[in-house]
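Taken in sequence, the protein lines are chains A and B.
Here the numbering used here runs 410 ahead of the position in the first sequence, where the first position is 1.
Here the numbering used here runs 3 ahead of the position in the second sequence, where the first position is 1.
Hints should not be assumed to be uniformly reliable.
What the simulated footprint calls covered on chain B by chain A, stretch by stretch (three residues with Cβ under 8 Å from a Cβ of chain A suffice, anywhere in the stretch; the number is not a length) [as the list claims (entries may be wrong)]: (1) 39-49; (2) 73-84; (3) 164-171.
In short, the hints are calculated from the structure, not lab data.
Note that the Cβ used here is the ideal one computed from N, Cα and C, for glycine as well.
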Amino acid sequence: MALLGKLQIRWSLIPAIAACGAMLLVLSGLAIGVYDEQTYRAQKVREATAQGEILAATVTAALAFDDRPAAQEYVEALRVNSQVVSAGIYNQDGALVADYARDRGGHADPTVALHPPAFVGRHLLVVTPVAEAGQRLGLVAVRIDTDPIARRLSRYVGLGLLLFMALLVVGVLAAAHAVLTRTNNDLADANRNLQDEMHERERAESALRQSQRMEAMGQLTGGVAHDFNNILMIASSGLDLMERTDKPERRKLLIDGMRQAVERGASLTRQLLAFSRRTSLRPEVIDLAAQLEGMRLLLDRSLGEDISVALDLPPGLWRVKVDPSEFELAVLNLAVNARDAMPGGGAITIGGENRPIGSDAALPGDHVALRITDTGSGMTPEILSRVFEPFFTTKAVGKGTGLGLSQVYGFSRASGGDVRIESEVGLGSTIFLLLPRTEEALPLATPELSPVTRPPGAQGDVLLVEDDEGVATLVSGMLTELGYNVTRVDCAAGALAALEANPAFDIVFSDLVMPGEMDGIALAREIGRLWPSLPVLLTTGFSPGVAAAAEEGLTLLTKPYGIGALAAALDGARPG
Amino acid sequence: MLWVLRMLGAAVLSVSTGAAACAAGSLEAPVKATYLYKLVPFVEWPAATFASPTQPVVLCLLGGDPFGAVLDQAVRGQKIGARAIVVHRLARAEKAAGCHVLYLPAPRAPAAAEALQSAHGAPVLTVTDQADGAGGIVNFVLRDNRVRFTINSRAAAENGLTISSKLLNLALDSRAGR
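With these hints in hand, go ahead and build the complete structure from the sequences.
This is the structure we're talking about:
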């Protein structure tokens, strides 16, 4: 940039340099001309002086002895020199003794005085004294012709032509420079305009993205609201119906329905968070074939009767390490999408194959390719380019959240894999879920934790820190059910006060996000400082808290959770 | 000094040039007077003749003085190089020993003849008004009312004098047809 600046400064000097060059040329041309003219004149003076001196030397005796015929003879001898216009011989009195004129009828100057050679008009007049042995005898004047001005000028034609050509070159260069400068300026203007346009386009694109986001928000809101309304509908109608019946089997049915609705709600929020990539995956080593076999029932039920699902998994598929629930969700999302692409029914094939290192440039090692193929409508390239965008959907409001494929994408990337789509309009789509191979062994099957109702107070005292009244009531009920004595406070400061009063709690179970100056993490830190042996279990539904808690090394239970998960988490948090 | 010289020269020359227009009789003498000293620059004496560069040129008259004061006026202040011109009027020939220029208005007179005789072989420029063979080296002649001269080169050579070609060119006998 500095170089460019310097260059531009030098560039701008060029007209001045050109002008200086032209002036120098003109000056040097004039100097050469003047010098030539001077040389010419000096030569003429030399010639004339020599002529005068020769005449003066020869005419001495004639002057001394007043021999006019002799003087005339001498002066006439100048006739051989065509340059001599006239010549005169003057005695010591200044009177003309003899003269010669080249032109017929011409005369020499009637009188002359001794003076240095002088140019008079076209002529050069040289006056030479006549002396013999120091004796002054008179004067000789010779008037010689110089070249006519035209002839003299013609001598400079070559020089002038050269000068003219040089000036022309300077002029052409200056003009070229001017054009170049103008072009340069035009280019700079064009560049500026282009940059302005680019900025304008960036603004427009940003505005477009914003509007797309708003559109997506609208779609999401519609979808989520619809789903949640269904869940709430099930819950509220279930509660209404429960109030009106005392039959245990009827109540059991209603409770199951409501629990399913709640699970759907939880799954929905998990999806939302997954797409915002705020959930931390809990990867486990899984056997894909077994996992998918276990999903067969779920798939059949979710997809409806006119969709057939075929599993085509070769034996010996490599193990992968992924979050099983996210994996199931991804498969389910892909299956649901496939179903939606086949409104008149069709077949979904889930296949898989091992792909060794090098078969896909984007993946650095061995991986397993899971293939979900449908016989549906396929996708246009425009849609293909956008399918992984969050909230992008081709489905009607209420039919989809636009988060399905986005979850698939987020899951695969977070697991160290990738997604590929092949689709052709009218022929269906194939989606490849690429997951990296793991060498780790499958975990031993752990028995499902079943919540056991224990006698009240058998598990000890728990300090529950929860600001939400409804949640607190429910969680208190679950804790009591698990055999804990529950003391509940609604903020961190209250918890510390309760602990001051009675530090003999067995565990603190605290929400992570709470009103007041301290949140759950700060509370846990403070408890760890004051009562190091007192275990703390945190819970939250808000994902950033998960990462923060993990950084602090705190045990965290993610909302929503069931009574079994709560029991396990409490047991895990307590030492021994 | 120079301007005085020039004034004097101008005065003498005006006399000399005036001679052309007027009757020769009245002006013949002054013209000859100026010619006498004007001859000097065109003549070269042997190197031994003068002891120093400033030694005056001695102009001698023997056998009469046709000029009077005119000659003295004409030579006064005249310099030939660094040499002045002095005029000696001699009564006898044997006095002519120190002369460089010897004017003999009447060469046939015995004293003049003797002087011419004795000057033969000596570095003396003899001047007479006698153009025939009996004259000196330079002999004044009246021609077309003008004072001209003849030069006897042989006599000059015998006297060891070198006479400038410029002067020789003006001499009547060296110029055909005049």
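Do the hints match the structure? See the list:
Remark: the segment 39-49 of chain B is confirmed as covered by chain A, as 4 of its residues place a Cβ nearer than 8 Å to a Cβ of that chain, reaching the required three. Counting residues of the segment 73-84 of chain B whose beta carbon lies closer than 8 Å to any beta carbon of chain A gives 4, which reaches the threshold of three, so the coverage claim holds. Residues of the segment 164-171 of chain B lying with their CB closer than 8 Å to a CB of chain A number 3, which satisfies the three-residue condition for coverage.
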